[in-house]
Amino acid sequence: MSRTNRASTNKQRHLLTVALASFGLCNSWTVWAADAPAAQDAPAAASAEAAPTSAAHELDAVQVTGNRRVQSIQKYAGTIQSFSGDDLTKLGINTDFRNLQAVVPGLQITRQEGKYEIFLRGIGAADSDFSSDPSVATYYNGIYLPRPRSIGPMFFDVDRIEVNKGPQGTVRGRNATGGSINVISKRPELGVTSGGLKVGAGNHDFTTAEGVLNLPIGETFALRAALFDEERSSYIKNGYPSSLFAGEGPGALDNQAARLSMLWEPNDKFSAYVMLDKVSERGTGDPGLFAERGLAAGYDIDDLSDPFRQYFRTQGKTSNDIEGVAGTFTYAFNDAVSVEFNTSYRKYEFDNRNASREWQLGPVYPGSEREAYHNPERLAWYDTFYQSDKSSSTINELRFFGDTGKLIWSAGLFNYEEKYDYTSWDVGNGYFGDCDWWRPGTVCGWQDGLGGENRGDDSKVESNAVYGDFSFAATDSLRLIGGVRYTRDKKTARESNVKYQFVIPEELFQQFTGQPINTATNPYTTGLVLGSPGFQLAPPGRRGGGDPSVCTGWSPAELRCGPGANSLDYFLGGIQNFGAQDNWAQFLTRNRDQIDVIVRSDFPGGKSVDVYEDSYVDWRVGFEYDLNPQVMLYGTVSTGTRSGGINRPLLLNDGSALAPTFEPEELTSYEAGIKGDYLWGETPVRLNASVFYYDYQNKVLQNLIDVPAPTPTNPNATSRQVFNDNAANASVLGLELEGRVGLPHGFNLGYNFTYLDATFDDSKVLDTRSGGLGLIVPLDGNRLPNTSKYNANLSLSQTIDIGHGALNSFDWTINLTYRSDYYLTAFNSRGFGLDAAGNVIEIPLADMPFNNGSNPAAGGGPANGMAMRDDVGGFTTVNVSAGLNFGEDSQFRIDGFVSNLTDEVYSGKGFVNNATNIRYLNTPRMYGIRFSSQF
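Just add 357 to the spot in the sequence shown (first one is 1) and you have this note's numbering.
If you're looking for bench data, these hints aren't it; they were derived computationally from the structure. If a hint is listed, it holds; no wrong ones were tucked in.
Pair ranges (Cβ atoms, derived):
#1 Thr878 to Asp1204: 28 to 36 Å
#2 Tyr982 to Asn560: 48 to 56 Å
#3 Gly1038 to Gln1155: 18 to 26 Å
#4 Tyr688 to Asp417: 30 to 38 Å
#5 Pro961 to Arg727: 40 to 48 Å
#6 Leu1164 to Leu572: 29 to 37 Å
#7 Pro896 to Leu764: 46 to 54 Å
#8 Ser600 to Asn560: 19 to 27 Å
#9 Phe1104 to Ser972: 48 to 56 Å
#10 Gly1038 to Thr550: 40 to 48 Å
#11 Asp983 to Asp1204: 57 to 65 Å
#12 Gln613 to Leu1015: 40 to 48 Å
Where a beta carbon is used, it is the ideal one built from N, C-alpha and C, also for glycine.
Using the sequences and the hints given, assemble the complete structure.
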């Protein structure tokens, strides 16, 4: 049997097994629940306050707003998880957005150079182009955040966080295929003067402080102010001794945030809620590490004695400034009709300089020392990757809604507009080498790493939508639900690309530095310095130098240049500040009449303007059926669309252009489930079960592809570019079991198990690991990236009433999360090659050629195909916390926490091609103590 047929047959068997097991289990529990007394008929109301401490306590009725109205989580037709601010603290989530994955099985959140990437139930997006929408939408108080970089530290003074799984769009904001995460801050309270203070400290010099003040002004108006601060030193140690490098490693942070919210309710019909927030994020960055040479030598991440001991030459730096204002204005005409207007303006300016690393040299592993010192002259280099972007967006939404008793309905108009600018540039020392092929007696320098200087100025996104949704009570027990959404998107990319060649008479170097160049090194050592501390690119949207004169041709006779500014001045216009040790500017300006600066581009004329426009319809239908007051059955069919976008204009050898745009991803979800609260003897038990199937079409895969860029010295040279392609289809079969158990003696057990069989179907893609071979390989049966088949979470907590003097209670929580193995790319560590007849065949990964190039870190020998491994083994993480509550009203608390107790290290993201394997790791064990007070 073929791999494809076998995968399809196995999935059908799994579907039958899962469905029978789930509904068999649910049916037995339904009978059990039917025999149990109704909640309102339970003896003595079973109140937690009246029960003895040894008795089981009731389960809280969690309220959620997944349907844009407050309802019990047990009456929501879908899968949603909700966590209060106290939950985040006790479960060890604290203030790190990534830690949310520790309590939501099937959720993965990674951070790449300041940007969050979110996957949920196998659905996510790794592409980070401005025109690429996230598959999992993020909301702040119900208002859409278009850019993950605008999230910032939000987990302070939080009311709750809701994670909604499955397609979204008919009830709120922006459409999404994978789900949504809604961070809901605490609103001002009318008529209540209150506040709080929280301070803490931990390992890696961690400190945190949070202050909150709620101030009523009259009976109808209130203000709430919240301030937040956190600092932490780097947890990454340098493999080079401090005598070579005394700076701080990546991972350090220094963040501040402030939030001011206002609530005005002059009567029972009108409400106005306005929130302003400002965030400052500073740190040493969070770049990935080059894992390829360690992998080829046989050392995976979990084989290393200390994965956080890595080689780097300079300290990184990152900054992000976020500002926002948002408002929600609601007016109720009557119970049947209300209107709500949501509006927001949000902007951020992000700037990042990665810590400089030697190409392909990452963690310290046995034998790495001979590579780390293979080219000692490069230890003083400052070359690294710079990127900056800024965004300003407005969201406006007008929504009508109401409840007639039998019909709950909503309908709205949605508008989102964004202006976006960016720059990215891998700035090196010049990569100087012989240039006699251009003109005898010259040396050429190059500034073309990672595609050269790339900018986007005044790119724009606009999305408009109209939607409606309803729930109709056909009988006392049966409700029919449905919704539809029409969306129209327009995205305009205005981008530029330039690459620089400097043709320099060789004698100029010695005249400038007093020393001859060293031609024995690769590249030449010239004495020129660029990128030292203080170096900064011209910000996005504010570049000087006019328009470049873009050239074609690779010899003086063939050179053809278009109109434009002086190329040397244009190069200098891309740099705002030179560093303290930099001497490039002096060298170039002093010798400007003798140095030729040649500008080339991937784009005709150096610039490109591309437009993407499309429209699409999403919908959902379903039902809710109450078997009894405690148990509900539901079923839904819904669709979700992730908007398409724009590729860079790229040409192949034959002059043909690659697709300038990529199309929308489309997902259809089928889900059936049961939710119930039961009594097992005297023990309350909550069990929610759902079975779901996703049909995922036109999935976008982001690849680094090699575009021909021949030179006289290397006719086979290529330029590596990012390309998004609708190359795959997939399906996801899943089962989710979730609930809680209220145990005697103050114990509470929460659990969630998620099974995901997420595989590619009918998919053939370009294998970007195959280099110039350009292999088109099958993915059928491969698992979707970043998706574990088995995911589980258990949390056990206990509250012990003490009541001795000022000491009121003691509580503790243990949270355990398990993920089975997964892959970081679509290739699943499979190798491909060609047989004698030129047909694509599967081969051992180790036999795939790896591009070592002129790697200066190759002192340990060339790496093999194992450098491109993308598999990650299963792991278990544990968070624990414990605290004492004291004071007359438990207004004081002291607690301690440990996140990642067993110090697990794993790769959350991988960027793999035939020359790199960049991994982004989780954070190591963190622990600390906190004190908080409330009034």
